[in-house]
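Residue-level listing of the chains:
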Amino acid sequence: MNQKIKQKIAFFILFLSICLVVIPIVLLVIFIGIKGLPAINWEFLTGLPKQGMRAGGIFPAIVGTVYLVIGAVLFSLPIGILSAIYLSEYAKENILTRLIRLAIINLSGVPSIVYGLFGLAFFVIFFNFGTSVLSGSLTLGIMILPIIITATQESLKSVPYAFREVSLSLGATKWQTIKNIVLPNALPGILTGTILGIARAAGETAPILFTVAAFYLPHLPKSIFDQVMALPYHLYVISTQIPGVPDRMRYGTALVLLVMVLSINLIAIILRYQLRKKKRW
Amino acid sequence: MKKLREFIIEKTIFLSGIASILFVLLIFLFLLLNGLSLFKTVNFKDFLLGENWSPVCEPPSFGILPLILGSLFVTLTAAIISIPIGIGSAIYIAEVAPLKIKEFLKAMVETLAAIPSIVLGFIGMVTLVPWIKRIFNLPTGLTALSGAILLSFMALPTIISITEDALYAVPKAYKEAAFAIGATHWQAIHRVILPAAYPGIFAAVMLGMGRVIGETMAVMMVTGNAPLIPKSLLVPVRTLTATIAAEMGETVAGSEHYFSLFAIGIILFIISFIINITAEFFLHRE
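Protein chains in written order, with the numbering used here: chain C, 2 to 282; chain V, 74 to 359.
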């Protein structure tokens with residue numbers, strides 16, 4: 002067969018496979034949008050659930066997810082940034098460094114349900130935090146640690162070596178150099194990584210199943226030792242555990258979760274795009 | 074004073090640096106502490122190869138073979154669907170797509186990666202499950218096939234983005250050399266670029282499958298969760314992950330059932346460990 006025709010056929014098959022990926026995504030987002038939009042109103046977003054979650058709003062679930070995400074970031078951002086600083090500025094090429102890299106790779110590969118088990122055994126029972134915002138946040142925090150470390154490390158590496166040398170030659174200590182020169186230049190990249198971590202933490206269900214999530218809790222938490230409802234778990238509950246929830250509410254909840262996670266992601270994508278455009282070196 | 078401050082800061086940074094190791098060890102330790110307690114009363118062979126999972130019956134039985142086969146069945150089917158589509162898409166994005174479309178396609182793949190698994194599970198439940206039921210004329214659409222289709226979708230972003238990286242990493246000179254001796258673009262792709270990128274593509278597939286085996290919520294919502302040894306793709310199955318998620322809520326801390334779910338956790342941890350180490354080996358062989 003003519004090579005040109007062969008190439009045409011091959012490229013057409015490749016095109017078909019990307020269509021199989023992209024078209025379902027577009028349809029999925031449109032589908033949830035159309036089915037979920039009618040449910041969205043002020044009462045749905047800011048009201049408490051009523052009649053065993055068959056009516057009312059999803060406000061406690063939204064608040065719960067926001068609390069969990071804030072907790073997770075407060076825990077993992079400092080550790081993640083310092084850890085990345087260690088790897089990119091201090092670590093020598095030795096066995097310990099290799100072990101740290103392997104550990105990070107493994108943390109990012111551990112199934113989310115295993116994080117749930119760990120959170121249950123470690124935070125809920127061993128530390129006796131109970132099923133609480135605290136346990137859930139810490140569990141999610143460990144889960145997003147590899148995302149933050151990897152992103153931070155990359156943006157630290159992209160700061161030119163000459164910047165460090167200039168600062169050191171002016172008599173600054175290593176830490177002063179990192180704090181005043183390297184970190185500020187790496188900040189946008191760190192921010193992007195953090196935002197991606199937030200999106201991941203907001204959407205995960207399995208790690209919070211046994212560590213924090215309340216089935217039905219029509220009031221807001223008062224302390225970090227309280228249980229909360231969370232958006233992903235709420236969607237799970239009303240779509241599989243409770244019969245007779247109106248479809249409108251299920252799609253509405255799915256839409257709110259989807260919009261929340263995708264818009265957080267979009268911010269990260271835009272930020273990264275701006276960053277690439279603006280780069281001065 | 075300045076020296077002391079510098080010293081304290083460096084130590085703090087070092088401690089944060091090794092935090093990842095600490096967390097991996099803690100996860101493994103706490104899985105072991107709880108999971109191994111099961112084997113005081115249950116034989117390890119009966120656990121791994123037992124054909125009957127009925128932890129709340131009297132007497133209880135803790136054989137996870139149906140769950141292992143359930144996970145394997147769903148994962149392999151998902152692999153068959155997602156590997157060709159994923160690699161094909163990655164080649165299209167990396168080699169064929171015009172620059173403007175390329176950015177759009179990459180954003181779409183990233184969007185797919187970001188969609189929470191619970192949302193995909195929900196959509197699978199309300200669309201895919203009824204379709205499968207109707208198409209194959211089954212009593213229920215909650216089948217291994219539904220799980221596999223949904224999971225193949227979830228493996229795609231991992232497979233596509235890592236394969237893409239592997240394709241970009243092939244030196245430009247290889248392609249130019251192929252063109253210079255008169256190869257068409259497609260010949261250059263499948264005779265030169267693909268073979269050169271093979272280790273990276275292999276790692277991409279491994280990591281994609283790791284994602285599939287570990288996936289919990291979506292698979293739990295569409296596979297029907299019957300802990301039986303699967304005989305075909307069109308029957309309900311239950312995976313290792315779904316078992317933990319579905320049953321932990323009903324167990325009493327410290328009971329045999331509770332320990333058995335941690336023992337399943339150990340198996341999952343070891344599987345993901347092996348997959349990630351192997352993938353890493355293929356990604357950074359130099």
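Honestly, the hints are just simulated from the structure, not real lab data.
Keep in mind that the hints are not guaranteed to be accurate.
[As the list claims (entries may be wrong)] To be clear about the criterion: a stretch of chain V counts as covered by chain C if any three or more of its residues have a C-beta under 8 Å from a C-beta of chain C, and this derived list gives those stretches:
| hint | stretch |
| --- | --- |
| 1 | 90-98 |
| 2 | 102-108 |
| 3 | 111-125 |
| 4 | 176-182 |
| 5 | 265-276 |
| 6 | 328-342 |
The structure displayed is predicted, hence computed values, not measured ones.
Even glycine gets a Cβ: it sits at the ideal position worked out from N, Cα and C.
_Which constraints among the numbered hints does this structure fail? Numbers only, ascending._
Of the numbered hints, 3, 5 do not hold.
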